[in-house]
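Fit chain P to the given chain D structure using the hints.
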Amino acid sequence: MDAIYIGIGVAFFVVSWALVRFFSYLQGGK
Amino acid sequence: MTASGVIQIGLFLTAVLLLVKPLGWYIARVYENKPCGLDRVLGPFERAIYRLCGINPANEMGWQRYTVAMLAFSAAGFVTLYALMRLQCVLPLNPHHLAAVPPDLSFNTAVSFVTNTNWQAYGGETTMSYLTQMLGLAVQNFLSAATGMAVLVALIRGFARRNSQTIGNFWVDLTRSTLYILLPLSLVLAILLVSQGVVQTFSSYQKVTLVEPTTDVNGNRVNEQIIAVGPAASQIAIKHIGTNGGGFFNANSAHPLENPTPLSNFLEMLAILLIPTSLCYTFGKMVGDTRQGWAILASMVIIFIGLLALCCWSEQKGTPQLASAGTDLRASPTQSGGNMEGKEVRFGIFNSALWATATTGTSCGAVNSMHDSYTPLGGMVPMWLIQLGEVIFGGVGSGLYGMLVFAILAVFIAGLMVGRTPEYLGKKIESFEMKMASLVVLLPILLALVGTAAAVVTKAGQAGVSNPGPHGFSEILYGYSSASNNNGSVFAGLAANSPFYNITTAIAMLGGRFLFKVLVLAIAGALAAKKYVPSSAGTLKTSGPMFVVLLISVVVVVGALSFIPALALGPIVEHLMMIGR
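Chains as they are written, first to last, in the working numbering: chain D, 241 to 270; chain P, 13 to 593.
What the hints contain is simulated information worked out from the structure, not anything from laboratory work.
Note that the structure is predicted; figures quoted are calculated from it, not measured.
Mixed in with the good hints there might be a few duds.
Residues from chain P that keep clear of chain D, each with C-beta distances beyond 10 Å, as calculated [what the hints assert, rightly or not]:
1) L322
2) L428
3) A466
4) L527
5) I564
Cβ-to-Cβ under 7 Å is the rule here; a few derived chain D residues that face chain P [stated by the list, open to error]:
6) G249
7) W257
8) S264
9) Y265
10) Q267
Restraint ranges, calculated between C-beta atoms of paired labels, are given here [claimed, not checked]:
11) D:G247 with P:R342: 53 to 59 Å
12) P:I591 with D:F262: 38 to 44 Å
13) P:M429 with D:F262: 29 to 35 Å
14) D:M241 with P:S565: 44 to 50 Å
15) P:L458 with D:G247: 41 to 47 Å
16) P:A475 with D:G247: 23 to 29 Å
17) P:I576 with D:F262: 29 to 35 Å
18) P:N45 with D:F262: 43 to 49 Å
19) P:E224 with D:G247: 49 to 55 Å
20) D:G247 with P:S443: 32 to 38 Å
21) D:M241 with P:G431: 55 to 61 Å
A virtual CB, placed ideally from N, CA and C, is assigned to each residue, including glycine.
In isolation and in its complexed conformation, chain D is listed as follows:
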């Protein structure tokens, strides 16, 4: 269970990081 809960939390931060890349691309690919 611990791995699942830690995985959910960490996955969320990874998704947030992916959004940073996406918004950066939207802004002009920097």
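For chain P alone, coordinates are given in the frame of chain D:
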């Protein structure tokens, strides 16, 4: 409304506003890396932290690096806090041999404290060891608050800088927020709270003989009581200074050892609003025009006073049901009158309503009365303040950056009216910033309403409701509004310690905190890179009364359009049912 109540509120707001300029000036000096008075004492510690962590404070970051640093730091905090709770049974400073916190509750609590929400699905004195409270929860109280302040200062730099690819250094902002602002204020407040009787001890819980023995539910005679104590004052200080809100004890600041006297109540309320209000002045100072900060603060104060008046009036008026039961609802020198259910006698109606309004206008969420027991309209006030995005006055950092996004929205709407590209503080607001700002406004609304809908239609969600009908719906709506806006207070009739609520509210908290921050930092980066546009005859003046009215209108209209349909199913219909009986 009683005269003494109005005078108390007036004195409180005067004290808050008198501190705005000196503290705001100090905070601006801290973030501009100028001498601020504490440099000689704290400078060596700051430099030692940088050396130890390998940080070059002169190394500026673009918004992407700044954001990734913030996310990585928060992810590490989440994993550490989760591990601490799961392992507390084998770690020291656990005199009562409390068991490991269950996995779903650990997940919820770790997310809750890393996101500065401090939603508590547990009772502190029966669940958390002293080590977890001090090393886990109190530390996150500092760090999550400092993270919010860092994001705000990055956004302010976005407005203040011209043609810049950088918005500061996250590690420096985090360190300076903690070291120069949060720690000194918390130290002073903790000492003041101890002077009022808030406990600060490593002693184990005290077993005492009751002065008046009683009987339990089974009719057995009870002669003894266990009184929980612990290192509370140090955690309670940052709980308010950092607008965290997570109580050491389950009853939060209604507990006599967490908030014993009217003076401790005054200090704790003051601490909730201290940094959020002062940051408005800091904002004005850093963008080179303090009138901009005063205009934002004026908007906040006007909305705050309006909603506070509604809450006080509703609670003082009481309910027809209390009146028909023979309760004396009139205020007198010997009693508060009104609806005192769920309120502490030592605080009365006004100090409870003032606290409820302050704790939900900010992202604090600490309580000194039970919001679930408020009248329908009185309870709707804290709920709607949360739903407005906690921009009145907001959390440490998080409220002001939310309000600045509303300011961007306001100048955009004004620009649409006159057919002109909107500008704010000399920066043109264009397509990218508006997309991000729109998402910032919509995100917490979406999380709150989708979460509520999911709970209402599922058996797992319905299982937590102890008051069926409109009030049960209000409990769920309040819960998800609180989680997605990182408040942490609750209509406590909702039984939220279940895997369903622990997981879904955690997801709402994560989204409401970190996706929100990513969007705000994207705006900061875009603004910093823009050139400065001098104001002209057609520029909307953003430091005058007209802008204050416009900003208030935008905040209220967005909040009303988003939530009145849901509120109509909860507190509004409950109020109509109450007066129609």
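Checked against the structure, which of the hints given earlier come out wrong?
4, 9, 12, 15 and 18
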